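J.: What follows is the residue order along each chain.
There are 4 protein chains.
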Amino acid sequence: MSSYLGKNLHISVFGQSHAQAIGVTVDGLPAGERVDMVQLQSFLDRRAPGRDATATPRKEADVPKILCGLVDDVTCGAPLCAVIENTNTRSKDYDRLKDVPRPGHADYTAQIRYGGFQDVRGGGHFSGRLTAPVCIAGGIAIQILQRRGIEIAAHIRSIGGAEDRPFNAIGESKEALQNLKNKKFPVLNDAAEEAMREVIVQARAEGDSVGGVVECMVTGLPAGVGDPMFGGVESRLAAALFGIPAVKGVEFGAGFEVAQMRGSENNDPFVVENGKVVTVSNHAGGILGGITTGMPVVFRLAFKPTPSISREQASISLSRGAGETLTVEGRHDPCIVPRAVPVVEATAALVLLDMLLDAPAVWKKEVTE
Amino acid sequence: MSSYLGKNLHISVFGQSHAQAIGVTVDGLPAGERVDMVQLQSFLDRRAPGRDATATPRKEADVPKILCGLVDDVTCGAPLCAVIENTNTRSKDYDRLKDVPRPGHADYTAQIRYGGFQDVRGGGHFSGRLTAPVCIAGGIAIQILQRRGIEIAAHIRSIGGAEDRPFNAIGESKEALQNLKNKKFPVLNDAAEEAMREVIVQARAEGDSVGGVVECMVTGLPAGVGDPMFGGVESRLAAALFGIPAVKGVEFGAGFEVAQMRGSENNDPFVVENGKVVTVSNHAGGILGGITTGMPVVFRLAFKPTPSISREQASISLSRGAGETLTVEGRHDPCIVPRAVPVVEATAALVLLDMLLDAPAVWKKEVTE
Amino acid sequence: MSSYLGKNLHISVFGQSHAQAIGVTVDGLPAGERVDMVQLQSFLDRRAPGRDATATPRKEADVPKILCGLVDDVTCGAPLCAVIENTNTRSKDYDRLKDVPRPGHADYTAQIRYGGFQDVRGGGHFSGRLTAPVCIAGGIAIQILQRRGIEIAAHIRSIGGAEDRPFNAIGESKEALQNLKNKKFPVLNDAAEEAMREVIVQARAEGDSVGGVVECMVTGLPAGVGDPMFGGVESRLAAALFGIPAVKGVEFGAGFEVAQMRGSENNDPFVVENGKVVTVSNHAGGILGGITTGMPVVFRLAFKPTPSISREQASISLSRGAGETLTVEGRHDPCIVPRAVPVVEATAALVLLDMLLDAPAVWKKEVTE
Amino acid sequence: MSSYLGKNLHISVFGQSHAQAIGVTVDGLPAGERVDMVQLQSFLDRRAPGRDATATPRKEADVPKILCGLVDDVTCGAPLCAVIENTNTRSKDYDRLKDVPRPGHADYTAQIRYGGFQDVRGGGHFSGRLTAPVCIAGGIAIQILQRRGIEIAAHIRSIGGAEDRPFNAIGESKEALQNLKNKKFPVLNDAAEEAMREVIVQARAEGDSVGGVVECMVTGLPAGVGDPMFGGVESRLAAALFGIPAVKGVEFGAGFEVAQMRGSENNDPFVVENGKVVTVSNHAGGILGGITTGMPVVFRLAFKPTPSISREQASISLSRGAGETLTVEGRHDPCIVPRAVPVVEATAALVLLDMLLDAPAVWKKEVTE
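Note that the protein sequences, when read in sequence, are chains A, B, C and D. Numbering-wise (numbering that gives the first Met the number 0), the first sequence opens with residue 0 and increments by one. Numbering-wise (numbering that gives the first Met the number 0), the second sequence opens with residue 0 and increments by one. Numbering-wise (numbering that gives the first Met the number 0), the third sequence opens with residue 0 and increments by one. Numbering-wise (numbering that gives the first Met the number 0), the fourth sequence opens with residue 0 and increments by one.
The hints are simulated quantities; they were obtained by calculation from the structure and are not laboratory data. Watch out, some of these pointers could steer you wrong.
Since the list gives no way to pick out one identical chain from another, each pair is judged satisfied if it fits inside one copy or across any two copies.
Capping the alpha-carbon separation at 25 Å, the derived lysine to aspartate or glutamate pairs in DMTMM-like fashion look like this [unchecked claim]:
(1) K182 <-> E328
(2) K64 <-> E84
(3) K183 <-> E264
(4) K275 <-> D94
(5) K6 <-> E205
(6) K64 <-> E162
(7) K180 <-> D94
(8) K183 <-> D35
(9) K182 <-> E264
(10) K97 <-> E264
(11) K64 <-> E256
Quantities reported herein were computed from a predicted structural model and do not represent experimental measurements.
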């Protein structure tokens, strides 16, 4: 149980940061689904670095090569495999990382787990770069969901102390959600962008990094998706979302705030609107008993600050069993949160498509407007 | 993918609140492990209701009957199945719940998911009562882990606005952790108990309920347990923990606070202490790259206020497609957080034992002091 | 990966021969399916021993107690758990089996696998008795499949050298299949019964046992069920069927005979009959590329002779590391093949219902004649 | 549940016959295992076609490109992905196959399963070509097993009516097994080769094809590997082996012959030899109760004759709903059995390595002679 996931839609992610390639296999995609390659590339570009002062200057050409699974850009029922070749891999001497683990990185734990055989170059299989194949698979899932009226959109809820306004949990306009996807820096309140950028630029100037929160909303999901206990929407989304590097917290609906609420506040009253059952508020985040209510599914993820900072840090030499100082070299994002936004959308899409494939009635309904 | 979980240690939970019985099957327990039945019953008693003014007055005799899997109280390698018979099930007319769903409950989502065939009596399979079998399985896992020097202890971090002190993430004394397990109201700072009880009593007096946070610490785990991506400790714990009813958020280490931290603050510097690699702080909650560092694993869960409140609430009649008011009758916990503490420990134990069975070197080491 | 099985329909079998109970949990049964308890009991009775001279004189009351999962005999979507209490368990001293393993039994392998902690009484978890819970789960699955026009029927193809006629692979009349289910000794050609019984009686008279072949046919399956490679019908059926104790071979369609055939013989030509695509012959056993063709699915299983024979056999004493002779005491079936027939049907039903739940279009179609 | 397999060692196969590439991802390989690339290529060459008159004249360059998972030819703990690019793909017009399905092929079932979107070129994902990636993964597993003293060797047991001698089930000399691996036409009795080749040449001359049986032996497995019921060695091997195209039967030990045996014949008496527990005969094929006995594991697979024959065959036009004749063009193996031998070995190696990873004590023991 490691770099694979899913029941009906089975994804298997592979690659190390400096291996010949990284990629993903997706088994179980329904046949007959067209993949719009231009739209997929646009989606991947949202994750790509190297665009401005708030991101790493590395240039990675995240152009996926789809090896199989499509015939004339339409899924054929066979597993789809896509790879991204690693071209920009300066594999200088990484050996010191085996001896002097970087604080906050997986260097030390990988050393123990793999007995020193792990690939340390660029973080190996633990690199954030592995989110690119997740985005390929998820980008395809998003297109399939959209055809059925399901939209997934995320925004930067906060970076350090700078905050965007939260989603309105009972729903956002289609335009608001669509806008987010067209923004390089996806926030609902444009004023937030400048404050956030400043936080990032400041951190970088100080040789430091900063964390943040991503908030995601899924609209158009029918009621009745999910299973009780460990098969609930929260369980399955969380299992996948915690697979995104740097995520340290996941919450649904009102999340940790529920701890301070009264039942009379937190319970979302039902009403019938235009013949449809809805709730007046949505503290449940669209999920009751692990099953969707038909209201938007809303969740937030906490991302820790990138552990790679240019400041000198205290570590140890494993061989000498003694203290050592360390300066992480190379070009690093002072904040990965903006680039994480499409990764969150992609991961959610994979889980939700997987779950919808359990719900035949829903699955069949293709929106054709 | 529903009421079962696990790879090496496979648990399958069954039962409805008012069915003849509830129970659990555990497949994959290593053979030769003694189950101390008295200790197990004490553990289950921590979850049991009916003890004082802050809990429901129902009396459930959570005495498990172990049908198989043991020979003379020692695991024999065959699946263990334990059941608790439901004796105190006043199955009055629950049919109205199919028509008028209780806000905050799974009544409506179950109705959609199961086409009206769900068991609505007492919440059916969605009842918090289903955490009892989880505690049987987890209580056994806890004994097995303890024999290997691994301790799991949780406390009530907060109820409403009343707070206990947080765990010291780099470790608590063995006594402090042991004390928690002997308390009916497990808090680190005894002064917190009164404040919390007051919050609960107040909510009950107002016909309302209140939520809270449970914090859990696992000590004695070796470094190197876990796998990258979706097989990480966070992913696997979260998938299980979100299966506990009422949980709306899970965070590890510094959790959502990381979003406001700088890398230089959040990174935990390595040092060598008595020949052992440790970290000076533990914002990572004992997990880097999904793999244990050897420091305590620390996580928190947000529990929503019990949706069952005696106040009148707004709902709808599904048959009439129109508004309706609803008063939830019966005896209900105004706050389930105290009773949730052992459930959190049990759930974590199941996941961690499962993961340790992947780590043979660790597994073999039985502590014999 | 042990005593559980399935993707959409997850079954988990528990119990030892002389434990307090044996049973099964079935998670994923669609809600709203009526279980006819009388029909289920009749099905279980087909597996029960103690009926005549060809079976063991033990009397086991295979009356299942359904603990949960049904409301008024209708599935409610929650896991169903059924147990059979073990009443007739003469637990005399079985300890010698730990030292002197019975040839052909799992005594020795269980000793190694479970380090001597296994339950040896009556074969423990390896007992053929564990097929009773499989029949409960499968008996329910059979009812669900029948409602959709899918029939599963098996017969004794051979016992020792005595043979029944084979199924006509392109189909048998509904009556022929139905007849099999009403027979205590299910053969197509009634003349075969006497010869078979004689083989069994002869073996018993000589303190010996005898093996046989069971052949199974499934009609009414639509074309298009199954997945390529390891998700094929053959793979999934075989994985389950080899879980039945004593099975040493599984073959589909023409089976091992294909090895001697030419392609021109073995290929089944397609024709259109009454607007439906069928094949003229059915050497494929209704499966091409792991996917159903719409023709009957046909397969056979080889059962070894019961290892429990009353003749003296050569074995060893593990403690002394030296030879020892052994006489298996107790009452044993000289041939388990007749009782295995419903077990084969039950096992097949569980796998096929699981696979059909992947095929929504098929699933929805309920036959209402 | 389709083109992936395994619990600890998870393989995921991808590709279609005429897609850009085929390949495999292997997740869970233990770190620190050297992959001898020359030995791997030799192994793959055993599966390659185009060597003599008994095989297809196509030339496929089965040279795997390992994209990740190795550092300096040593496993690093990250998933290994290997691809083979398809260079020799004459993608002429295959559209007719969608309308006129080839008898014995998956054309028709894929058409139904994938609604006409399947890749028909060269058999798509159902092509025997997909066994090449299985051989890459399995070839690596074989090297890992060999280091622990476990050998897997298969031979052609029969082709049509021409037979090789069977394995001696209690064991073959190391040389005999090693010899098989060095033969282009792996038989134990060299005299069998000529007879078999004649059968193949004759079939080809008549525009026909022929089936056969492959027998496989695994030596060096310790006792105690496997789990009861559906986790048994037979269940898990069979699930994988039936994933090999054209397999219609799998049997272990004495296999279908047990049906005609008496218990006194079939039971394998235990004896102690040189302090080791062995059985005098091995009708059990090294497996009792699903768990290894320590004796060689022996099994056989029936392969059907290649459905692609150059003779005219009867089929139908799906669009016209009427009969049609068909001649399969292209270059095809008149008998795939010789090429299937390494595929069987590879598949078995993957399953057994997966199962051994559950058995830590065994796993650790590396043979260092």
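J.: Now, for every hint given, state plainly whether the structure supports it.
T.: Status of the hints after comparison with the structure:
1. K182 <-> E328: Classified as neither; 30 Å inside a copy, 50 Å across copies.
2. K64 <-> E84: both (8 Å within a copy, 12 Å between copies)
3. K183 <-> E264: Intra 36 Å, inter 28 Å, cutoff 25 Å: neither.
4. K275 <-> D94: Classified as between; 22 Å across copies, 61 Å inside a copy.
5. K6 <-> E205: Result: close neither inside a copy nor across copies, 45 Å intra and 45 Å inter.
6. K64 <-> E162: neither (37 Å within a copy, 47 Å between copies)
7. K180 <-> D94: Intra 40 Å, inter 39 Å, cutoff 25 Å: neither.
8. K183 <-> D35: Within one copy only: 21 Å inside a chain, 46 Å across chains, cut-off 25 Å.
9. K182 <-> E264: neither (35 Å within a copy, 30 Å between copies)
10. K97 <-> E264: Between. Shortest inter-copy distance 23 Å satisfies the 25 Å Cα cut-off; intra-copy 52 Å does not.
11. K64 <-> E256: neither (44 Å within a copy, 39 Å between copies)
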